[in-house]
Amino acid sequence: MTEATPAFLETTINAALILVSGLCVLCGYRVIRGPTIPDRVVALDAIATNVVAIATLFALLTGRGLFITVSLVLAIIGFIATVAVAKYIIEGEVIE
Amino acid sequence: MRTTARAIVPIILVVSISLFVEGHNLPGGGFIGGVLTTTAFAIIYVTFGLDFLERGVFGRDPDAELRPTRERVVDVYRRVFAVGLAIAVTSGLAPLVLGYPFLSQSFVVLEGVPLYDHLEVASALAFDFGVYCVVVGGLLTILSVVGAE
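Protein chains in written order, with the working numbering: chain A, 1 to 96; chain B, 1001 to 1149.
Keep in mind that a hint or two might mislead.
[Claimed, not checked] Pairwise CB distance ranges, derived in the manner of DEER restraints:
hint, chain 1, residue 1, chain 2, residue 2, range
1, B, R1002, A, R33, 32 to 40 Å
2, A, P38, B, L1096, 52 to 60 Å
3, B, V1014, A, I90, 26 to 34 Å
4, A, E93, B, R1079, 26 to 34 Å
Simulated from the structure, these hints should not be mistaken for lab results. A virtual CB, placed ideally from N, CA and C, is assigned to each residue, including glycine.
Turn these sequences into a full structure, and let the hints steer you where they fit.
Here it is as structure tokens:
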């Protein structure tokens, strides 16, 4: 950031980064051990959302606007992946 | 799903165009713009099916032709791919004719443009446009050929 980041804001963002990263690891456990395919899909979608959150927090921490773009693109692609898998599970084919 | 697609496809297209245009001095450029455009088309395919693009956008009746409809759309995508490759190669080779190294770039600052007043036109935009066409054509070819199976 151009102006100095307040100390409490930096601490909060660091704590949030650690929290979201831990959530990613937990979701990774569900991806690997998930008994059914929908479990794995939901876990992967949660991981994608967590990565979007990490990118946004990193943009807040460093003040670089490009990470906002990164999170935007990741959110769009994650949404499409989730929709495609949901349609595959329900109807058996993605593009008819 | 159809309502969502109607809402988000224009937004994705605008984001992809902005990423493509700002690509010469900010992160972004032809590749990621092309990928986002392809995702917009992917949403249309997933939501409305493969025939919608031909029937609704190009105004053709896919059932009236003897050839399968997908091949005609795929032909358009292949042509986009080839044209993009030609543009990229030509813009890379053009500086060689003028005596500069391969792929060297320059830019022109236009003053007094309406609505913007100050506009930088970079020659990298031509190369980026080629990359954009290659990415859109290639990915859409893959998407419609694999999706039709």
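Open item on the list: Let me make sure I understand: some of the numbered hints might not hold for this structure. Which ones are they, in numerical order?
Closed with: Hints that this structure does not satisfy do not exist here, as all of them hold.
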